[in-house]
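Participant: This is what each chain is made of:
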Amino acid sequence: MELLIAIIIGVLTACGVYLSLRGRTFPVVLGLTFLSYAVNLFLLIMGRLTVGAPPIISDTAANYADPLPQALVLTAIVISFGMTAFVIILSLKAFLEMGNDQVDGKHKP
Amino acid sequence: MDLSLVALTPFLGAGFVAAISRRGRLHAAWGAGAVTLTALFILSPYIKDAFSGQVLVQSISWIPMLGMDLAFRLDGLALLFVLLILCIGLLIILYARYYLSDRDDMGRFYAYLLMFMGSMLGIATSENIIQLLIFWEMTSLSSFLLISYWQTRHESRSGARMALAVTGGGGLALLGGFLLLGKIVGSYNLTDILDSGDLIRSHDLYLPMLILVLLGAFTKSAQFPFHFWLPNAMAAPTPVSAYLHSATMVKAGVFLLARLFPALSGTSAWFWLVCFTGLVTLLVAAYIAMFKHDLKGLLAYSTISHLGLITLLFGIGTPMAALAGVFHIINHAIFKASLFMAAGIIHHETGTRDMRILRGLWQYMPHTALLAMVAAASMAGVPLFNGFLSKEMFFAETLFVINLPWGWLLPTAATLAGIFAVAYSLRFIHNVFFDGTPVDLPKQPHEPPRWMKVPVEILVALCLLVGVFPAITVEPILAVAASSVLQGPVPDHDLAIWHGFNTAFFMSMAALGGGILLYLIRKPLFVLQERVESLLDFRALYEFLLEKLFYLANTVTCILNTHSLQRMVFIFMVFILALGISGVLATDYDYGLTGERNLLSIDGVSLLIATVLVIAAIATVVMHRQRLISLVLLGAVGLGVSLIFVKFSAPDLALTQLSVEVVTIVLMLLALYFLPQQSPDESGKWLRSRDAVIATAAGGGVALLVWAVLTRPYDSIADYFLENSLPGGGGTNVVNVILVDFRGYDTLGEITVLALAGLGIYAMLEHLKIAGASHDSEGRAWDEDLHPIIMASFTRLLLPLAILVSMYILLRGHNLPGGGFIAGLITAVALVMQYLANGVIWTQERLPINMQKVIGYGLLIATVTGLASWFFGYPFLTSTFDHIHWPVIGEFELASAMAFDLGVYLVVVGATLLILVYLGLVHHQSHQMKHRKRIR
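For the protein sequence lines, the chains are P and Z, in the order given. Each residue of the first sequence is one higher than the one before, starting from 1 at the first, in the working numbering. Each residue of the second sequence is one higher than the one before, starting from 1001 at the first, in the working numbering.
Extracted from the complex, chain Z is given alone in its bound form (with noise of 0.2 Å):
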């Protein structure tokens, strides 16, 4: 097995669980359950070696142009955050199948959750950092689609996309610090990121490297001043925020800075940085948590004062202040995962998260009520229970500096943190469950259903055990992750309970006394904080600033686009002759304009097609507001242009130029009946010879420039294809063998684009019906004999023959001139012929084949054929023929190049067919429509 199919198994799993989805309501949620226990079980192997400090690498080779590789690397800390996001998320799959309702989609949810599980664990284990930043941006994206779950809903809406815009935002800034450190180490792996310390923090790129660095941390892990998007994402469904906003998501950031710190920490910029980053968040965010009504916002600010908190221990960055941290990390998934699905079924059950409303559900739900008090005293770190222990060692730590001036008011800002965080819990605990009884709930409140809450008791549980035996759960896991944080030897600490009466014992009694004291005299302070509350109001500055990006947006498209097209066409006209006029000015060399290779002498016939040619573009101009007119001389026009193609030693091109012609003409036609039949004279005077004057100038540089070009010598790498085509292509027919062959790869894109207008033609033209005129432009009514018997006994007759050519054709396309191009373009033609003559249903009738098929048909056709060969070890679409010999015909060749042209000629069949038929049908239509009317 492999450590990649870890972070890759949740993806492939979000198809299968949306493809399941289809069958019954919860097959997603068993099949998402199935998926993470295959990731669990895949990396069971790996486990022990983690456990024992070993650090396993696994990279395969990705563009080793670049040197990068797909790498992946399972330590102590990455198996941390593995172990964090496969178990909670399998708690979280058991508990949105009760949380969601009946009329959420489910299997969209768990394949958006698996999404997010998998670049998760892609965070947690990649090697490479270029990686790890593609799943960091990945998590960005699945939280968006997560967040916006709800999309009627517009606070989802608007949620998600701050959500994305300020993670996203930060993933820039972190792609610009990655490549900085990859610049500066010479390596983008971690192992030697993580070798090259001194290196790094001795550079003089170290500090924007630091900054940038950082800048993706706290955006991620919402760190004061970017934490306004964490609230806003708690309209998100909570399964979601459970996972998302408490134990994944937001401690990407963290992760990155316990990834990062061995080869960034200490130094002052980031001791400075770190630390008044998440001692400002701590403080502030535990502050705002206090005043939330909302239960969610609540613990929304909580979650990022924890953060700031987590942010603040690796800012201290002593090696016991880093153990300390990944300890909170343990513990905040714990208890933060368990109070947001508590907070999930009050919700839930009562239909409202608004903390003015709800209280006294100890009587309803006691159940739940005890679930919630233990996480809430584990959040408020009361002593047995796990949030109490980290918390304590932070407190510790905050002593590190006293000795600095000013050094007291670290600890002294914890032990105020450490206090609102108990006044918050409280409130939390006393306000919704006891403080009177319920008046006008949404619902009624009972307990859940009995699954809803076993993943609570889990987490619960595992409060309190953590809480009581440290030393004998969370310290195996707890050393080994520390041990990889440090890249050393983890320093001796004691996870007891009891450390007598310490300094940190008594910031955590005067927390808890505090705490409740604030509690008590809560109501003037929500007085005085309603009145400061929109000094805080970060979410207003990001609107405003958003308004303002828009705004310049929309200036700046303004400025450059001046909403009508032959403005914009004339400037870029204009703009062309300038280039190739300063191209031509710029020159040093005295060129003369003609070259000295021998010029061909002109014949009479020549001549006289040229200029028929020539008069005839000219009258189409001169005519074109008699559109019909102007229609028949492009295609005089047309024709001579084949004709040149004819002369000059380009059969192919000649043949397809007659066909293509053919098929515009007719749909012109088509489209021409539907639109005025005149030009009405709009430009002036003035107007039309400033535009003749562009045209005249281009035509004659274009002219220019034509003959400077045919007037000189040239080297061409045409003699490759010339000396290859029959040895390597077997086909003597050059063009055709550089179409299906040398460059086969091009043509696949070719027809894929004539696919794609077919289908888009398809699209515009599909339930589309016009009334079209029942007079021409001269007032004459139209002839009633749509389909006259001799022309339609004609084609009928002639369409075997017809076929017959197209078929000889195609098969001789390898040798001869032809091919699936012009093939598919004389069967387009002797088909729409029968279409012409017959009209449109009877040819329907005879001919009921869906053209969208034919078109997929051959894409498919010609896309096998490429693949073919990789079955054969050679790159895609390389070609084999053989000549065999049949009875009667002869030697006959057969190559792997003629199905990718059979696959030409479906697509150009299809697609022709298609644009043509689809016209005619709403022809048909609109001939039907005025007789109705007529009848009337």
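Same shape as in the complex, but just chain P (with noise of 0.2 Å):
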């Protein structure tokens, strides 16, 4: 299971990292959002892989996951958002005015 993981915190990260290279504003905010999935899960799984032991007290839970990543992740998630959809308008209000949707801000030739 920390192979699948790793693969796919690995596979999300290249696909944000590429995208976010790219020199339209669209590809850019897709980036940023893998990018905000690969570090929130990289985040979770600092708390290393727990199966069925949501970190709600019980009297028979054995075990809990680590709680501490998880709420700073939930946080994170809806920042996140923020800042996806800041990224989102300020290229659409970007386009608007040059209109272009380069990532460098040229005007109209």
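Careful, some of the hints might be misleading.
Claimed, not checked - Between beta-carbon pairs, the in silico distance windows are: (1) Z:1539 <-> P:98: 36 to 44 Å; (2) P:98 <-> Z:1767: 12 to 20 Å; (3) Z:1552 <-> P:53: 55 to 63 Å; (4) Z:1567 <-> P:59: 52 to 60 Å; (5) P:104 <-> Z:1807: 43 to 51 Å; (6) P:93 <-> Z:1682: 19 to 27 Å; (7) Z:1101 <-> P:93: 36 to 44 Å; (8) P:98 <-> Z:1025: 42 to 50 Å; (9) Z:1554 <-> P:98: 18 to 26 Å.
Stated by the list, open to error - Here are some, though not all, of the chain P residues that point toward chain Z, as calculated from beta-carbon distances under 7 Å: (10) 2; (11) 4; (12) 13; (13) 20; (14) 21; (15) 23; (16) 56; (17) 65; (18) 81; (19) 85; (20) 92; (21) 93; (22) 104.
Since the hints were derived computationally from the structure, they do not count as laboratory data. For glycine and all other residues, C-beta sits at the position ideal for the given N, C-alpha and C.
Starting from two chains that each stand alone, build the complex the way the hints lay out.
Facilitator: Shown next as structure tokens:
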């Protein structure tokens, strides 16, 4: 299972890096979304992989998953939504003002 | 009452004055006067003690770890300055009420003035030198605001900027000097510093410390070669010049010399540095003042010259010289403030300050002329006026060095400066009030309003009273101020007008006679001066340096910034890769890649999901130029990620990810409608392979890192949270308890970020009008049926259910997966469905809620919940909980953290909907625009 997770995070990172190197705003926003998936998963697995033991206190549970990375990631997901939204609207605004969606904000020739 | 309130009252008053100025123009003036009187009233109980020579120190603990306290001190010197600042401030407030025109914003003016007054009072009464420095910098900032009061004028802005650059730069030097001083003494308190003069003077760091402190003092007091900012600051309204540039701001520098006099003076370094600077300033500025055609320019250079005189006196360093320095601080403040006000009246009533145009005003404003004459005579040092007394003491003190080689130079230079001073004072009077009749004045001159002259009259009366009866007027405050400057007994002095025919008297007479003579032969001198004027232009040097600085900053920026995001991201990625690789290579130990932790086995479902996820991710990249398809694929990846959260015991994360995914995809679809549907194929093969290599390297590196981490055991601080969640936080869902309780402060910060992102997007979208494309990328027209009836009906039916679910999720969040974030997102998704299915306008008519307010209330509720714990004596955001028994429902837990979670909920709902609804409105308008086009 650890191998699978390593591959998934690696692939998500690679996709994110490749897309964020593109020259148009929309792929870059997609790339940032990929990178936030990768980073959120990476943060979560710092608490190692635990199956079937959510951190909800009960008398019957034998062990719990690490709640700390989960709390970190929960807010990170919401914040990255805020960031993605901001960037996409920014790129929309830039597109309207510049007439193209080049990331370098080049004006119409 | 507290001493600190004396300095803090004007700051509180500034807000008060700005607020009441909206109710009427003159309210601000009355308010400022009342604030100043309040400060005087707070001071009054301490005046008697300070006069009797007691030193009053009050301190409030501030940063005990650094040994820093907020400490205030009132002794003779502080008292003198506090009285000068408050009393002259009161006169200035009265004067400015008549000076400012109807177009000037009185509230802003008086608020700035009070801020400045408070900063100045802070400097005068600080016991801690770091605190003194903070007030010092605040005077720079508030004077910047005051000088640039007429913001539309170019010279106001550039003058203000120059003053800020020079005095602010000096403030930085002063900070360095104070830190060294604190290191030498081991304390930042003035009491300790003033007691350790010998230690300071014999320390190795004495010289660098002295130079840094003097740089601070000299820039503030406009000493040569930093004097050029003061004439340029004359772009300020005249009340500001009368206050800042005669009695207060520029006096801060000499105040510092006086304050630290016992600790720093008495060495040859002090003597040479301070004396030389003072002497050069005295001479050069007095010389330039003679040739200034602008009334205020003349006064500015005269001020610089008098500040040089005071500096020189402190440099000489004898007790008697220090006393004379304090005396001249008082006298200069009185006569120069009145002269500035007189110049302001002349400008106000004639419309010009140019002495080439002004003449013969005696017949139009004799009253003002008389007042100006008395003050100018005091400035020139004519007997019977206060300026004469301290100037004669100054002349006597310059004789102190007469026995040194070249010692005669000092008294000669002093007399020469005296001659210049008489000449420019004479010019101020003769040129403006006599010398023919005025022609072509911009305004017909007449006397100003009665009360505008009152402040000048009071000060001029003081000039005379102090000049004639010094022993009964100024002696008490002078003695107590001088004794706290000297930290010891005051030398015998005799404040009399007549000391017999001594050398100082002859120097005074020589200055008077020489000055009159010089004024008579001024015409050829003016011609000569015009030729050499450019040689002494430090303003040009400043501007040259400023230009070079901007050039340098530009060059550095151009080197570091390639103006291409693509290239910058590329450099960033390569750099990160290099960091990672070098980190691995630099490790000495021989770790294996795989650790010894037991691994989990792979099951078929997981393998399937992982395969789908990886394929979807790669497909997104491959298809990324087809934007809509790549977006759909991205949604699949997001769902896969939430399944991973489900698998690995993170139900809260799974719920959050799922709802965020919906909102994100909707948002991106809305935005994509306006953007090009396809990305052009721009980057060539080489560029794509280069990026692919970097991406693969980054992904591979991260995968290896994840593998290495996951196969190793670890220690976590999680046990603390798991153990204390229920007993301490009252909730069984540990993730939620961490969010709203243990780390509630972080969460508060995070919802603030979210709120700001929402508002930022709102700002970008407001009033945005775009015409959408009428066809999609493949040339098909959009479906006319925007809101299919089946979907609309279903979502309407589902709405109550969805809201109910989100409420349930919110309430149970403390104990089971859920909470404010998730419930907020679910509510947002439920409402977004309505907008999608029924249209923005339809939904907004039925849900007329201002989302900005929802965000605001959310933040307010969260913050107030945190603050509430203060009232019970607990730290910010401490939570409490209790169980209550409700009929029918049964036992129910109430926790204060739930109120906090409600705040989180509202912010999430508000921000998410604000973003989507506004983008939706833009859509709606674009459809309308399209429609209109078609009709045409």
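Participant: If a hint holds in the structure, say so; if it doesn't, say that too.
Facilitator: Going through the hints against the structure:
1. Z:1539 <-> P:98: 36 to 44 Å: holds, 41 Å
2. P:98 <-> Z:1767: 12 to 20 Å: Since the Cβ atoms of residue 98 (chain P) and residue 1767 (chain Z) sit about 19 Å apart, the hinted range of 12 to 20 Å holds.
3. Z:1552 <-> P:53: 55 to 63 Å: holds, 59 Å
4. Z:1567 <-> P:59: 52 to 60 Å: holds, 59 Å
5. P:104 <-> Z:1807: 43 to 51 Å: holds, 47 Å
6. P:93 <-> Z:1682: 19 to 27 Å: Check passed, 22 Å falls within 19 to 27 Å.
7. Z:1101 <-> P:93: 36 to 44 Å: holds, 42 Å
8. P:98 <-> Z:1025: 42 to 50 Å: Because 46 Å falls inside the window, the suggested range holds.
9. Z:1554 <-> P:98: 18 to 26 Å: holds, 23 Å
10. 2: holds, 4 Å
11. 4: At 5 Å from the nearest chain Z Cβ, residue 4 (chain P) passes the 7 Å test, so the hint holds.
12. 13: Holds, because the Cβ-Cβ distance from residue 13 (chain P) to chain Z comes to roughly 4 Å (cut-off 7 Å).
13. 20: holds, 6 Å
14. 21: holds, 4 Å
15. 23: Hint on residue 23 (chain P): holds, closest Cβ of chain Z at ~5 Å, below 7 Å.
16. 56: holds, 5 Å
17. 65: holds, 4 Å
18. 81: holds, 5 Å
19. 85: Constraint on residue 85 (chain P) satisfied, holds at 5 Å.
20. 92: holds, 5 Å
21. 93: At about 5 Å, which falls below the 7 Å cut-off, the nearest Cβ of chain Z leaves the hint on residue 93 (chain P) intact, so it holds.
22. 104: holds, 5 Å
Of the numbered hints listed earlier, not one is contradicted by the structure.
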